[in-house]
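S.K.: Since chain A is already given, all that's left is putting chains B, C and D with the ligands on it; use the hints.
Residue numbers (our numbering), protein chains in the order written: chain A, 485 to 815; chain B, 485 to 815; chain C, 36 to 247; chain D, 36 to 247.
Since no wrong hints were added, every one of them can be taken at face value.
Below, simulated DSS-like cross-link-like pairs (lysine-lysine); rule was C-alpha separation at most 30 Å, straight line:
#	chain 1	residue 1	chain 2	residue 2
1	A	Lys530	A	Lys576
2	C	Lys206	A	Lys626
3	D	Lys206	B	Lys626
4	B	Lys530	B	Lys576
Away from chain D, derived, C-beta distances all over 12 Å, residues of chain B:
#	residue
5	Gly529
6	Gly581
7	Glu663
8	Gln693
Treat the hints as calculated values from the structure; they're not laboratory data.
Source: prediction; values computed, not measured.
Don't be surprised by glycine CBs; every beta carbon is placed ideally from N, CA and C.
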Amino acid sequence: MQKILNDPDRFVDELLDGIMIAHPDELRAAGDPRAIVRADAPIVGKVAIATGGGSGHLPLFLGYVGAGLVDGVAVGNVFASPSADTMLEVTKAIDGGRGVLYLYGNYGGDIMNFDLAAELAADDGIEVATIRGADDVASAPKGQERRRRGIAGIFFLYKIAGAAAAAGASLAEVVAVTERAAANLRTMGVALSPCIVPAAGRPTFELPQGEMEIGMGIHGEPGVRRGVLAPADSIADELVEAILADLDLAAGDRVAALVNGLGATPKEELYILYRQVHRLLRERSIPVDRVWLGEFATSLEMAGASLTLLRLDDELVRLLDAPARSPFWVR
Amino acid sequence: MQKILNDPDRFVDELLDGIMIAHPDELRAAGDPRAIVRADAPIVGKVAIATGGGSGHLPLFLGYVGAGLVDGVAVGNVFASPSADTMLEVTKAIDGGRGVLYLYGNYGGDIMNFDLAAELAADDGIEVATIRGADDVASAPKGQERRRRGIAGIFFLYKIAGAAAAAGASLAEVVAVTERAAANLRTMGVALSPCIVPAAGRPTFELPQGEMEIGMGIHGEPGVRRGVLAPADSIADELVEAILADLDLAAGDRVAALVNGLGATPKEELYILYRQVHRLLRERSIPVDRVWLGEFATSLEMAGASLTLLRLDDELVRLLDAPARSPFWVR
Amino acid sequence: MTTLSGVIAGVAEDLAGARDELNRLDGVAGDGDLGVTVAAGSAAVLALLPELADEEAGALLRRCGRELARAAPSTSGTLIATALMAAGRVSGEPGETVTAFVARAASVAFDSISERGRASLGDRTMLDALGPAVTALEAGAATGASIVDALLAAAAAAAAGVEDTRTMEPKVGRAAWLAGRAAGNVDAGAQLVALILRSAAGRVSRDPDQRP
Amino acid sequence: MTTLSGVIAGVAEDLAGARDELNRLDGVAGDGDLGVTVAAGSAAVLALLPELADEEAGALLRRCGRELARAAPSTSGTLIATALMAAGRVSGEPGETVTAFVARAASVAFDSISERGRASLGDRTMLDALGPAVTALEAGAATGASIVDALLAAAAAAAAGVEDTRTMEPKVGRAAWLAGRAAGNVDAGAQLVALILRSAAGRVSRDPDQRP
Ligand SMILES: Nc1ncnc2c1ncn2[C@@H]1O[C@H](COP(=O)(O)OP(=O)(O)O)[C@@H](O)[C@H]1O
Ligand SMILES: Nc1ncnc2c1ncn2[C@@H]1O[C@H](COP(=O)(O)OP(=O)(O)O)[C@@H](O)[C@H]1O
Ligand SMILES: [Mg+2]
Ligand SMILES: [Mg+2]
Ligand SMILES: [Mg+2]
Ligand SMILES: [Mg+2]
Chain A
485 MQKILNDPDR FVDELLDGIM IAHPDELRAA GDPRAIVRAD APIVGKVAIA
535 TGGGSGHLPL FLGYVGAGLV DGVAVGNVFA SPSADTMLEV TKAIDGGRGV
585 LYLYGNYGGD IMNFDLAAEL AADDGIEVAT IRGADDVASA PKGQERRRRG
635 IAGIFFLYKI AGAAAAAGAS LAEVVAVTER AAANLRTMGV ALSPCIVPAA
685 GRPTFELPQG EMEIGMGIHG EPGVRRGVLA PADSIADELV EAILADLDLA
735 AGDRVAALVN GLGATPKEEL YILYRQVHRL LRERSIPVDR VWLGEFATSL
785 EMAGASLTLL RLDDELVRLL DAPARSPFWV R
Chain B
485 MQKILNDPDR FVDELLDGIM IAHPDELRAA GDPRAIVRAD APIVGKVAIA
535 TGGGSGHLPL FLGYVGAGLV DGVAVGNVFA SPSADTMLEV TKAIDGGRGV
585 LYLYGNYGGD IMNFDLAAEL AADDGIEVAT IRGADDVASA PKGQERRRRG
635 IAGIFFLYKI AGAAAAAGAS LAEVVAVTER AAANLRTMGV ALSPCIVPAA
685 GRPTFELPQG EMEIGMGIHG EPGVRRGVLA PADSIADELV EAILADLDLA
735 AGDRVAALVN GLGATPKEEL YILYRQVHRL LRERSIPVDR VWLGEFATSL
785 EMAGASLTLL RLDDELVRLL DAPARSPFWV R
Chain C
36 MTTLSGVIAG VAEDLAGARD ELNRLDGVAG DGDLGVTVAA GSAAVLALLP
86 ELADEEAGAL LRRCGRELAR AAPSTSGTLI ATALMAAGRV SGEPGETVTA
136 FVARAASVAF DSISERGRAS LGDRTMLDAL GPAVTALEAG AATGASIVDA
186 LLAAAAAAAA GVEDTRTMEP KVGRAAWLAG RAAGNVDAGA QLVALILRSA
236 AGRVSRDPDQ RP
Chain D
36 MTTLSGVIAG VAEDLAGARD ELNRLDGVAG DGDLGVTVAA GSAAVLALLP
86 ELADEEAGAL LRRCGRELAR AAPSTSGTLI ATALMAAGRV SGEPGETVTA
136 FVARAASVAF DSISERGRAS LGDRTMLDAL GPAVTALEAG AATGASIVDA
186 LLAAAAAAAA GVEDTRTMEP KVGRAAWLAG RAAGNVDAGA QLVALILRSA
236 AGRVSRDPDQ RP
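For reference, chain A alone in the conformation it holds in the complex:
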């Protein structure tokens, strides 16, 4: 495995160490070294937002802790849920007295732990609401949206919830606008290579040269179809079609787009992909009002990309445009 590592079993501890050393003015650990919060947390009088999940997805999840984004993150081992205890530490450290939103991806382990943490937080008198990112169209058919996994689209939810909270919204208001965004959010991805979890030392799955898997999950969960690696434009067609159909996007709708690299795929390829995405949407009279391209949710060095579309309304645009700043991302 061609990795810059020391002890693979200390991968997460060491990378957190590096992050805390690099960004001491912006981040701090709340007791538990896996509970990372804004250095200035809690922000009294502001709804706080907690997230969390497995490691190996930077800038997800830790990279979105910052002003106008989320207040704290519980960090798990690679591709594994953090503990409820870490989540509780985060919750207590960020609570500013107006309640805490748990905003995270729809994975079994994370759900169990966040639910348990919410139970423990309630014992401590902290009001908790929960929204789960479930934007991956490929992970369950239409009608079963609640079973879907959460992938790169959560970036938009962080931005929107974070901006609403920063603007002084109540927990109920933050939940309402974030749920509306979540209901209008879809992602579809393609994997071109596996990655290697350091402690495991072998690829998460096998994918022969010249093949791709449409809809594969970011931990190697099976997708909707494996086939010959298609040209970029055909991949764009397939991703856009799936999202349009699922989201019932029609002429006159306007969207924000996120073209996300999974790790090894160069930015150059993301722009080639977007070229066709934009063309397809224009043909259908669906303007792309905002677009971000780059690495927003990765799987270590997996090759591949995902496309996220968010149907916009005026309030969502305003929240997307609000300032935000973390050590990993600046609006």
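M.R.: The following block gives chains B, C and D with the ligands in isolation, referenced to the frame of chain A:
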């Protein structure tokens, strides 16, 4: 090759297409589609900065076209110099009447073309000064600094020259401060895997599993030593030692650091590397006053990383801290 | 009389020996860490127990659950923690036998796991061992069986439930992505539940006060 | 009389046939695109020439150089463009023979390539063909040779220079990173220069006005 591509021979045209479609408010082509400038260029009364080089290094070079950074870029084919003609188009489009700085990496093809472009620009009455990034310690021994290749450290030169120009400095002043920065700038890298140039379809070099090459160039130019892939901390030791010795850094000096990923290497590993870099510098009483980590100068999907150190003074800190914004990077 | 704390300590000690077996079973269709998780959780609970000497049974279970959640934050760790905390909130009813009380607490534990993990009987999880065990405990309560007999029956029912997982398709968690890999093997978490019950039954029945 | 424009057109036509040979040679230690570059550059110059009918020789060379820089922006394209523009700035001196003038322009061209490319004789580049050619032209000028004879001698000297590159180590450009790969082969850019000179000499000598 596991790439999201259409026609490999149209790789650069298509990715530029994608970039221009994605960022129409920030960038425009100046006649020649390979001559990309700030949408608001020329900024009358401001020293203009042009850069350029081969494609395949995003966010280098195009990603640093923006406010507080460079004004225009000439885009070459993958790993190949752009033409002097494109450079001339850029020069004419950005010239705001106070002269143009050519700021680019020290590679034969780029030198020839920028020199030719400067000659042609002089015919058109535009004053041109040239500074070449030559920060790669591995590419020539001490005493032969002018033969060195330019790699990720040019990011600091863009930031500094761009901030000075934005603040109203004259061409001579921009040159002076940027040359001072260049003289205090060193980079050393390590490659863990090759990349594939789309039109070539095969890896740029061979590197067996379990090996690394210290000091390899970003196009696969040979480095100083090939050996067994060492632990992250040992790699950090080797990079830091080489730079400290070359830059004569001593207790009391303060630095800015850049830990740059070459493409496939996850951010997680960059932070693990930085952890030890920071420790080594602290042991020597050299504070890291500013640090950036991520992908700033890549080689498509090459795995590996580089470390850049810049010896700081008060003026350089001020220029690094000035605002800057491009579609690829925001200060 | 055997204290609850003593039984828990005994189970924790017994589980130490199952580390490799549980890792191996979890490795078939999971990530192979169940033994590690169980060892970490057991050690943490063992270390905590002396502090809890004065707690009543419910608080004892809740504190152990809390500790497990902290020290063994995997799927099974979290679910068993949830179960202990839920069971710890069950209070005895007037005139209820120990067996009836334990059966009721076990049933609450089952429901809490099912709810938190969004899984049901037949999904090839620890529930497929716990479910039959709860049924056996309830049958014991209905027939007036002693707690020792009821626990022995529950352990046997759990072991049978484990065997049944060999032919089940995984529906949740990691194993669901890897359908097929599990076929023919027993589920690791189910085996863990069976081992816990066998150990508990053994610890209780070895206690002199409980001998018939 | 053969016009300069006619000779340039003739060379451009002749080079079309060398596409594959130049690609192959460049592929040994370079990126294998020299033939493509030369084809693109030749076509662009051919297309431009009609527009330049009224230009004097110096302006003609400079415009062709400018066009080459635009249409064939590789190392060799840029260097030959530089050479044409530098040569185009040389003006004849009173009483100078054509041969002496061409020798002087060729020497200026050599220097401009050497300066722009930071390379010298022996670095295994096009200079190793052009250098001996300049020497031959200067010898011709000194001995009062006709331009046809001087060009034929220059072409022969260039061809010999090409052979000498077989044993040279590349010192600049792409090929320098790949030392060893070049060994035993001739340099592609040097071969290009030799082909240009052979073609030019042929075109000039085939011209009826130049026949002795
Ligand atoms: N949703 C669920 N509900 C109940 N039990 C589950 C669930 N998901 C997994 N399990 C059980 O957990 C066991 C694996 O536990 P563990 O190794 O701790 O999980 P992981 O390593 O995936 O976090 C499985 O064998 C199964 O019995
Ligand atoms: N610095 C230099 N000075 C003179 N000639 C050079 C130099 N570098 C390369 N060349 C010549 O250029 C030839 C390759 O030309 P070309 O294929 O156009 O280059 P590239 O594809 O690397 O841009 C080489 O064979 C060599 O003769
Ligand atoms: Mg497991
Ligand atoms: Mg696990
Ligand atoms: Mg070439
Ligand atoms: Mg080339």
